[in-house]
Amino acid sequence: MEAYPAPYVQHELPLVYLSGLGEQEHSLDAAPLPRQESGSRVTTSSETCTDERAQQLLKELMKHDGSSRAWNSEALPGPTASLKYRMKAISRTFNLPPRKAAPLPQAPSEEGKSTPPRHTELHSTLSPLSPGSPIYPEGIMTPLWFTKHQHSVPSLVIAFFKVHGNDNAARNEQVQTDINAIRSTLGRSGYKTRLSVVLLSDRSILDAPELEEHISAIRRATTMDPKTGLFFMPPMSSSAEIATFVRSLLSTLQPLMVEHYRDLTKHARRKKARGGSASLASSVERGGRSLSASGWNVRYEIKQGVFAEFRQEMDVAERHYSAAIEELCSSEGLLETKPSWSSVWNDARLLCDVVALRVVRCQLWVGQTTGAVISWVNYKARTKDLVDRRGMGCGTYGWFAWESRWAEIMGQLIRRASLPAFQPSDEAVPTPVDLNAMRTHLPPEKVLATERIAPFEQLHHPGYWFVLAFEATVARRAKALDISEEDRTSPDQTPASAVAQRSRNYDTYLAPLPHEEFPLPLEGGHDHHLSILDRLAGEASQEFDARGQHRSSKRIVFELAQELIKATRHSKALDVLVPLWEHASSGDSLWSNLYYSLLQATHECALQASNAGVFLSTAWELLSFEGSQLSQSTKSLPDYIRDQIPTQEKITTKTNASRHLSPVQISLAFAEKETHVGELVGCQLSLCSRSTLGAAPLIVSRVDVAFTDGRTVSILHENDASSASARPMISNLPSIPGSETFASMKADLSLLRSETRLFNFFLGFREANVVRIRDATIHVGNDAFDLQQTFDEDNLMRSRAIHVEKQGQAKHYMLPWSDTFSVTVLPKPPKLQMTMHGLHKQYYVDERITLELELMNGEEESIDAIATVRQTGKSDSPLSIQWNEQNALSGEVAIGKVERDASHKVAINIDAMLEPAMQSFEIEVRYSLTSEPDTPLMKVLVTELNISRPFEAKYNFGPLLHTAPWPSYFNLSAQGEDGKAEGLPHRWRLGADLKSNAEDELSIRSADVAVDQVSDSTVCDVAESDFAEIHALRRNETIPVESEFVTRKASLDDRRPMEVELSLVIKWTRKEGTAETTTRLPVPRLQLPSAEPRVLCTVEDDDSEENQVMLHYHLENPSSHFLTFALTMEASDAFAFSGAKYRALSIAPLSRLRVDYRLVVHDRDEDRGHEDQDNGVWVWPVLQVIDSYYQKTLRVHSGGRRVRVDEKRGLAVQVKA
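Residue numbers (the UniProt record's numbering): 1 to 1217.
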């Protein structure tokens, strides 16, 4: 847009004058209008507001200036309906341009009297009807008209005055005088500029009530509108309050500014309606030269579009601009009626370009992105048709200059529009999320969604348009090169007739003349085409890189370099090509088809620019391509370098195979996947030539291979006297022990075309680690140059095979692993043997573990060892492990010296575990050989212990009859013995079925019941168990354990239940008779009643009669109440009984009674089936005992031997046969 006058392309914003806050320089203002003596001058005498608050107010007002903002509707914060303004801070005195031109002087007649003019109507100073206008008589528009409304005729003047709260009437009257002066001057000027006044005070109306009277007096004296003409600003302490006041002020005044430009639009519309008659009348006076009716229509359409832009009604402005273009290009328009060599035709074409530019800007403003592109394309096609028909055609450098400019304008408009989808990320390196958020093109708007839109009709980002401009500039340069030499010479050296002929042969619209377009010779070597190409390529590359389109970015830069090479600017082309070459790669998809061209161009530019380093590096890469100059030469690489660039200094350059090609490929493979410290592992290095040199061999000076353990192996070149055909393919090099960090060897490193050389050597390592190939470096050169190319691990040629020479031929063997670039160096294998004695498959809770560790020295010499034991694995229960040695400390014991083939034993004790778990521990033995005390060796033995519970038990519990007599309720002793329990004794039976869960056979030595805890005031005595002999218990076998105990309350008055906690204590050993282990199995808590009645049954044989027994039912009443029971003995077919069938008994408190029944068992065969091993018969007598008061049936319990209780059938009694 720089080719057009700045007022033509500047964005229109309502102009606001700020008077009274100080004057500021306006760098964006265009050149001022010519001085007019008849203009209006506004002068006031009030002092300028320069205090801090006034400066803050001015700063807030200037924030609403949109001169440097983006060209869109969202460039400023605030409501979407708010306008942007062009704020201009001026002094108290300012000028307004004249509204009308001065009348022409009248020539006197022959009689000495002046002739009255035919038309006395005065027009604007910039009208085609005014003789003093720059476009008089048939011009359409001038940039001065745009400058006039952009910078000289404000829509609003905001005047700021100070008012005082004291009785300073003179100052307040001066404010009234200045306001009236401004109003009168604005009225006389002829412009409809609005005036608003802001009164600033250092005191509020509450602090100074007299201010209200002064303000009212000013309003009455000036007749200012209190709503939009006069504002009062009290003192404000914060910038936020000032900002709020400014927003409120501008929001109130915005309709006034919009109305100002609406009035100008109406005026332009009225003048358009009568523009034809005025031009006809004036054309008669000027001999027929005047602006046509079509020109007047164009003029006023443009004016209406500009005023709509001032109002920021972009859709209205776009319609007026489009109408102006149609009028200009119509059959009666200036572009069709004026000859192309006329200056009027060029001015009309320039104006048409500007209006088309404004059409595109308006469409971008309202979001019609696809419409903007279509307008741009349509105008380009229309202009091309116009130039083909009316101008010099589209084959001139002038046309391509316009085409480049038009494409660049589109890119600049998109940049100034700042569309959110095209905004690049603020980050230096955009993230993938940022790149996805930024679009390369925008989809069509909804209005055009149903139409078929071509891809190039969608709006692309600015880089796309800069590429179009670049391509047009390339074509422009090509056309400029076709200019003949006589036209390229200066006019001072050319005949006038030839100079005149140039203007008819070349299109110079906004383009230089032929001798300036491509002068002969170039002044100072400057080529402005290359400068334009450089600028456009830089702009396009920046846009593409910001959106991650690196392919397009590098393509445009490469095209720039090609144009520089065509212009023989090799040094500058090299500056462009070197960054591309350094970051390019033949394997990169961006350069897969262009890398050779890039490399060849860089090589040639380096040769022409005498850049020896780049020339050497590119020559090395070109050895990999057929068809290059090196491939067709019979010289060796050193001879080629010396012949092309002779230099006295040594050339040194370094490259990396990750970016640059190499004619030599390197591969290295370890022959083994694993090795040990001190052992040698085979390595095979291969050099494969891809050089395109003919007869001359490629000689590698040195190959350096670096490993991750810090070692470097170098192979130096040494000439071999034998011929190339006689030398072996595989060369065996000396071995390298682990003590050397740098090793150097010599071998023949000369390579013929497509030849592969193999080198075998052995490496030793001193430390255990994973060793990888870090990189390999090739050195090529002599006394004149040195080239180094480094191969990282990713760039080395991978090989899954090693080659072995057999019978004069190299055969390859595949390796059974994929990563041949690394070898795992294991520690030196220890020969110490560790054996754990006394280890069982399973251990049990409460069992103390004792183990014995035996160390057997299998080394070739004596050792000095230290053993450490520690728990491993994850377990909630810690494992207590101790060495059974006096010198043991914190899990570590010094073994000491162990001779060769000798052994040493040490015991380990592990405390008993209380809970079952899986435990593990490890024993680490660190030792060293006597001859190598600094080389540590280590052997680890991990042991697992499975600890489980050895037993489980099922318990059965019941009461027994205590034979001791109870005390009489009527004869209780008044005082018991000291320390002796007085409560009633209760005898109980606890039976347990003990089951073994152990894998091993265990020997049960004893099983007793122990009292863990009893309730208060309770005494529990356990009888001695009759478990006398040792029982062998295998897995899942069960043995019964019977125990008895007696409980007694401390006092007879204590009726509370008794709680007893017992444990079954089992002492056992393993089968082989190891140490005895005690295991405690907890018995569920027993809650025993002490004051509830109960019934117990015992049996006694009757010696006088066979098959007869005596049943004794004992009814106990331990309570303190008299109880009555109803007894009923049921008859049975299995026996007969003697005794009361129905009976009622009353039992005194703290007493018991016995009821006897004699049973005679019937001798029946079916009863014999119930005889047990004691030849007895079980019968099932049923005695019902019912508490008469509570109507509760008491259960009959077994009170002794030969009586049992079944859950289903009830009480059973054994009768001996």
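These are computed hints drawn from the structure, not numbers from a lab. It cannot be assumed that every hint is accurate.
FRET-style restraints, in silico, Cβ to Cβ [claimed, not checked]: (1) Asp-1101 <-> Arg-1055: 30 to 40 Å; (2) Ala-421 <-> Gln-648: 50 to 60 Å; (3) Pro-1084 <-> Ala-1032: 38 to 48 Å; (4) Glu-854 <-> Met-797: 51 to 61 Å; (5) Glu-755 <-> Gly-873: 55 to 65 Å; (6) Arg-900 <-> Asp-819: 53 to 63 Å; (7) Ala-169 <-> Pro-226: 40 to 50 Å; (8) Ala-907 <-> Gly-958: 15 to 25 Å; (9) Ser-343 <-> Ala-421: 54 to 64 Å; (10) Ile-205 <-> Val-447: 47 to 57 Å.
Since the structure is predicted, the reported quantities are computational estimates derived from the model, not experimental observations. Even for Gly, the Cβ is constructed at its ideal location relative to N, Cα and C.
A quick look at each hint next to the structure:
1. The given range of 30 to 40 Å is respected by Asp-1101 and Arg-1055, whose C-beta atoms sit roughly 37 Å from each other.
2. Checked against the hint of 50 to 60 Å, the pair Ala-421 and Gln-648 passes, with Cβ atoms roughly 58 Å apart.
3. As the Cβ distance of Pro-1084 to Ala-1032 is approximately 28 Å, the hint placing it in 38 to 48 Å is violated.
4. Between Glu-854 and Met-797 the beta carbon distance is about 53 Å. The supplied range of 51 to 61 Å therefore holds.
5. Our hint of 55 to 65 Å for Glu-755 and Gly-873 holds, since their Cβ atoms are close to 59 Å apart.
6. A hinted range of 53 to 63 Å is violated for the C-beta pair Arg-900 and Asp-819, which are about 39 Å apart.
7. Checked against the hint of 40 to 50 Å, the C-beta distance between Ala-169 and Pro-226 comes to roughly 21 Å, which is inconsistent with it.
8. Range check, Ala-907 to Gly-958: Cβ separation about 49 Å, and the 15 to 25 Å hint is violated.
9. One distance hint, 54 to 64 Å for the beta-carbon pair Ser-343 and Ala-421, is violated here, with the actual separation near 43 Å.
10. Hint check: Ile-205 to Val-447, Cβ distance near 54 Å, so the stated range 47 to 57 Å holds.
In this structure, the hints that do not hold are numbers 3, 6, 7, 8 and 9, in rising order.
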